[in-house]
Amino acid sequence: MPNHEEEKKGIHSMKDLGHALKDSIKHATHKMHDILMVHADQRHDDRDYHLYPELEWDAELRRNNALHLEEWQFVVDRRARIAQSGVLAKFLGLPPDEDIHPDDVPIIGVGGSGGGYRACFGLLSAFTAFKEEGLWDLFTYVAGVSGSCWSLGAYYTFANRDAHNALNHFMANSHSHPISATAFNHVMNSPHGADFLFGPLLAKLKTGVAPVILDMYSTVVHSYMFLPIHIKERGEGEPMLRKEWFQWSKVWERSGIKAAEEPFPILTAVRHERPWRDWKSKEEPWEDNNHTSKEHQEAQDAWWQWFEITPLEIGSDELEGWVPTWAFGRKFDKGLSKMRMPEQSLAMILGLSTSAPAGPLSSYLGTIYRNLPKGPFGAMMRGITKEIERFAPHHVERFGEHHPIHACNEANPFFGAEREPNRGQGFENSPRLHLIDAGMGNNMPTYSFIHPNRDVDVILNFDYSSDVQKDAALQRMEDFGNDKGLKFEPRAQLPKLPPPPITDEEGKPQPWTEESIAETFAGRYAQVIDGTHQYNHGEEVLPEGFHFHSQEMPGGPVLYNNRHQPQARRNVTMVYMPLLPNKVQPSYDPATAPWSSSYNLVWTPEQIQTLEKTQKQNIYDSMDTIKAVIREAYENRKKYRLSGEKVFTPATHPPIPGA
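The letter at position 83 of the sequence shown is residue 83 when you use this note's numbering, and the numbering goes up by one with no holes.
If you're looking for bench data, these hints aren't it; they were derived computationally from the structure.
Treat the hints with caution; some may be incorrect.
Restricting the straight-line Cα-Cα distance to at most 25 Å, the calculated cross-link-like pairs of lysine-lysine (DSS-like) are [as the list claims (entries may be wrong)]:
{"no.": "1", "residue 1": "LYS258", "residue 2": "LYS338"}
{"no.": "2", "residue 1": "LYS338", "residue 2": "LYS470"}
{"no.": "3", "residue 1": "LYS131", "residue 2": "LYS613"}
{"no.": "4", "residue 1": "LYS206", "residue 2": "LYS243"}
{"no.": "5", "residue 1": "LYS627", "residue 2": "LYS638"}
{"no.": "6", "residue 1": "LYS627", "residue 2": "LYS487"}
{"no.": "7", "residue 1": "LYS206", "residue 2": "LYS338"}
{"no.": "8", "residue 1": "LYS613", "residue 2": "LYS639"}
{"no.": "9", "residue 1": "LYS496", "residue 2": "LYS90"}
{"no.": "10", "residue 1": "LYS638", "residue 2": "LYS616"}
{"no.": "11", "residue 1": "LYS258", "residue 2": "LYS243"}
{"no.": "12", "residue 1": "LYS639", "residue 2": "LYS487"}
{"no.": "13", "residue 1": "LYS627", "residue 2": "LYS639"}
{"no.": "14", "residue 1": "LYS638", "residue 2": "LYS90"}
{"no.": "15", "residue 1": "LYS613", "residue 2": "LYS583"}
{"no.": "16", "residue 1": "LYS90", "residue 2": "LYS639"}
{"no.": "17", "residue 1": "LYS232", "residue 2": "LYS243"}
{"no.": "18", "residue 1": "LYS627", "residue 2": "LYS583"}
{"no.": "19", "residue 1": "LYS638", "residue 2": "LYS496"}
{"no.": "20", "residue 1": "LYS131", "residue 2": "LYS583"}
{"no.": "21", "residue 1": "LYS470", "residue 2": "LYS583"}
{"no.": "22", "residue 1": "LYS627", "residue 2": "LYS90"}
{"no.": "23", "residue 1": "LYS616", "residue 2": "LYS131"}
{"no.": "24", "residue 1": "LYS206", "residue 2": "LYS90"}
{"no.": "25", "residue 1": "LYS258", "residue 2": "LYS131"}
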């Protein structure tokens, strides 16, 4: 049996990891031969055209926000499949003689927030509940931030589209910290384990990009996370990793997405846009080095620029640029790839999406601030923070721009590309791209569902944040809405949550009761929030700095704000679903149980099952609300079709044949 207490000590810093690697080598706990074979394995990959057909392909950067033609075809096929299979009719309880037209099928997206393993296991538990309730087959998109990206990575690769299988997998290996010596040795002692740990780093070196410590973090964490330790425990042989599991672009066909059998998955990351650091030429970041000049004085504040990673493409709708996922990591110049190599390992991509250690200090300060105790110390810290904000707001903003750990270096696919006014602001001059955890921007993946050519009706957003009981989510939604031209309004105005109901003599919260949970969280498991778009994309009078940017027909011009963020083109309904205590298990509060902290990466099987039970019951208790929202979207789609109103047709690249 594993020593859980020893594992909890784990490796909590990159310095500890270095010591573990050194000790591992010193005591010969892995095969040195495998390390020496990494170069040979890489040379073999460079010639394996069957596993890596992209070795014969060149890539091009496309500069528009049209929908990838294969994604558009997927949506058409997915809606047809939903209509013909009868799953929507069965879920809504429609009359047997009611035929569902594919155009009436609502486009539904499921999103999972960040929150470490709590988010990963919570979202996988939600997947199992949706499948039990006959709802999974109604979804078109599924997106994640941070820990929820682990759920997607697992589900579409080694779990073979079985969320229950993924949970069993994690029950077997989550007793070891993923950057502990034990985890490292598990990988090293598996066949070709060294290649999965060090091969992606050597591949990055071939591009001329220097790996950083977070690249090593990426390979160590995800090599262990994907390792199927449970097969040895079941007597099914030695655990080993497969190269196929680390090819994100290949899940398009392997996992049935192209055939419309599964929802379209979206991983997320963000880039920290700092206009005062924008390069105006390849030599200078500014046209004028006088920091009192108008150019410097009018530089905007920093913001988070969203990127998404799908099996088809990686890119940003703010930069209006997309490259094939299999080409990400290659050198580009003037919109064309300049080398051929196997696609970047999913371990490295998940490292970008879950790289919270690289985030600016401001995001950590925000988390700490929201969780300050109510006593004298908390009051003192809040007072100090308010004084800083009052007297030195400029310094607070600049402090937020400091990255304590360097984010991963990636070859910038926008390098040397043609510039246009309002777009990119010099980013095309930078040879490097730095992407980090999207939880730094907004802890839910709503951004991806509001893409100007994704016609999403309903978003089911799961929130695994640590502050779900502190009413912080609505403020984040409001901030997001301001960026994207949406006004979010809850249909039910709920009172502010009270503090934990009972404390002992030491002031510590005591377990909830079934009655107190039912009373406190009534109406909160599935909160309906209407998002209303604020701008008509054909109007002439626009706010200052807003502008239209043309795109391929038939979608027409898209409205952008002064940060070149595309504005919402339609209304959307969100069902906000925070992970809250449930009376089915009153002794477990996901927000306060120490073992379900966002930062804990050592879990027992019993703890995973505890979270799963609460998450699934929350969904069961929310089904009436979810069903009502989906029925409303279906009826609206049907009404518009029967009225003869023109159906929105997205712009695609290449254009839709015959459009």
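Open item on the list: Hint check: LYS638 vs LYS90, CA-CA at most 25 Å. Holds or violated?
Closed with: holds (17 Å)
- [ ] Sort out whether LYS131 lies within 25 Å of LYS258, counting only the CA atoms.
- [x] Distance ~20 Å between LYS258 and LYS131 Cα, so the pair holds.
Task: Holds or violated: LYS470 to LYS583, with C-alpha atoms at most 25 Å apart - done: Holds, because 20 Å separates the two Cα atoms, which is no more than 25 Å.
Task: Hint consistency between LYS627 and LYS639 [alpha-carbon to alpha-carbon, up to 25 Å] - done: holds (18 Å)
Open item on the list: Does LYS583 sit within 25 Å of LYS627, going by the straight-line distance between their CA atoms?
Closed with: With Cα atoms ~22 Å apart, LYS627 and LYS583 stay inside 25 Å; holds.
Task: Proposed proximity, LYS243 with LYS232 (alpha carbon, max 25 Å) - done: Holds, because 19 Å separates the two Cα atoms, which is no more than 25 Å.
Open item on the list: Does LYS470 sit within 25 Å of LYS338, going by the straight-line distance between their CA atoms?
Closed with: The given pair, whose Cα atoms are some 50 Å apart, is violated under the 25 Å limit.
Task: Distance restraint between LYS258 and LYS338, which requires alpha-carbon spacing of 25 Å or less - done: Violated, because 28 Å separates the two Cα atoms, which is more than 25 Å.
- [ ] Given the hint that LYS613 pairs with LYS639, test it: the Cα-Cα distance must not exceed 25 Å.
- [x] violated (39 Å)
Open item on the list: What's the verdict on LYS206 and LYS243, does the C-alpha distance respect the 25 Å limit or exceed it?
Closed with: holds (19 Å)
Task: Restraint status (C-alpha distance of LYS638 to LYS616 at most 25 Å) - done: Violated. LYS638 to LYS616 sits at ~31 Å, over the 25 Å cutoff.
TODO: Would you mind confirming whether the straight-line C-alpha gap from LYS613 to LYS583 stays at or under 25 Å?
DONE: Holds: LYS613 and LYS583 sit about 11 Å apart, inside 25 Å.
Taken one by one, the earlier hints fail for this structure at numbers 1, 2, 8, 9, 10, 19, 24, listed in ascending order.
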